[in-house]
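Student: Protein chains in written order, with the working numbering: chain A, 127 to 236; chain B, 463 to 581.
Calculated directly from the structure, the hints in this document are not laboratory data. One or more hints might be untrue.
[Claimed, not checked] Here are the computed distance ranges between Cβ atoms for each label pair:
| hint | chain 1 | residue 1 | chain 2 | residue 2 | range |
| --- | --- | --- | --- | --- | --- |
| 1 | B | Ser479 | A | Gly222 | 23 to 29 Å |
| 2 | A | Phe188 | B | Gln465 | 24 to 30 Å |
| 3 | A | Ala208 | B | Ser479 | 40 to 46 Å |
| 4 | A | Gly185 | B | Leu576 | 26 to 32 Å |
Idealized CB from N, CA, C, for every residue including glycine.
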Amino acid sequence: QSALTQPASVSGSPGQSITISCTGTSNSFVNYNLVSWFQQHPDKAPRLIIYEVTQRPSGVSFRFSGSKSGNTASLTISGLQAEDEADYYCCSYADGSSYVFGAGTRVTVL
Amino acid sequence: EVQLVESGGGLVQPGGSLRLSCVASGFTISNHNMNWVRQAPGKGLEWISSITASGSATYYAASVKGRFTIARDNAKNSLFLHLNSLRVEDTALYYCARENVLMVTCDSWGQGTLVTVSS
């Protein structure tokens, strides 16, 4: 499957907003809204925070929001908090009933 | 509460085999496609296999196709992954994940079981 490209790291100060990009080239990524985002704290399992580009599962803070334009999806974290320091992965449903993940972005709260 | 508990990981020599298990509670796996995702130490997530709710179809990443086999026992609410011809590069934490067909993603994950391939 085609890879999803994310920046290795993003940082921000408490209260700021940051945006993580995820770029893909496959037909399923560009033409369908099947992008999800996961948060992973050290030594913890991934946690779903965004699905279908913009949807938040129950219990996920409104400070997390998603968007997509063309071949780039984005995750924005508003009002950055210390607890948001984690790794974030984008994911896309792909051809052949499979999934492809980005390499992950380490978010640091300064 | 939805729970997924993996087991079966361990240290194995290159070329060896293992069987991983994932027991679900709080929901019925027969209503869900199920997936295995792995994470090598210090690396990102890699989807490796999925199986439909009935078990009638299975899918694999190119990196494991022909060596790994996914299976399920809906009566026991369990998912399995048979790992054969293991390589050093298969060393990873293996997660079991439930697929939510409405969300088109994996919405619940276990804590993982560690597979270490080394001589």
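Student: Note whether the CB distance of Phe188(A) and Gln465(B) lies within 24 to 30 Å or breaks it.
Tutor: Once the Cβ atoms are compared, 27 Å apart, the range 24 to 30 Å for Gln465(B) and Phe188(A) holds.
Student: Cβ-Cβ distance between Ser479(B) and Gly222(A): within 23 to 29 Å?
Tutor: 25 Å, holds
Student: Between Gly185(A) and Leu576(B), does the C-beta distance stay in 26 to 32 Å?
Tutor: 28 Å, holds
Student: Taking 40 to 46 Å as the stated bounds, is the beta-carbon spacing between Ala208(A) and Ser479(B) within them?
Tutor: With Cβ atoms ~44 Å apart, the hint holds.
Hint violations for this structure: none, all hints satisfied.
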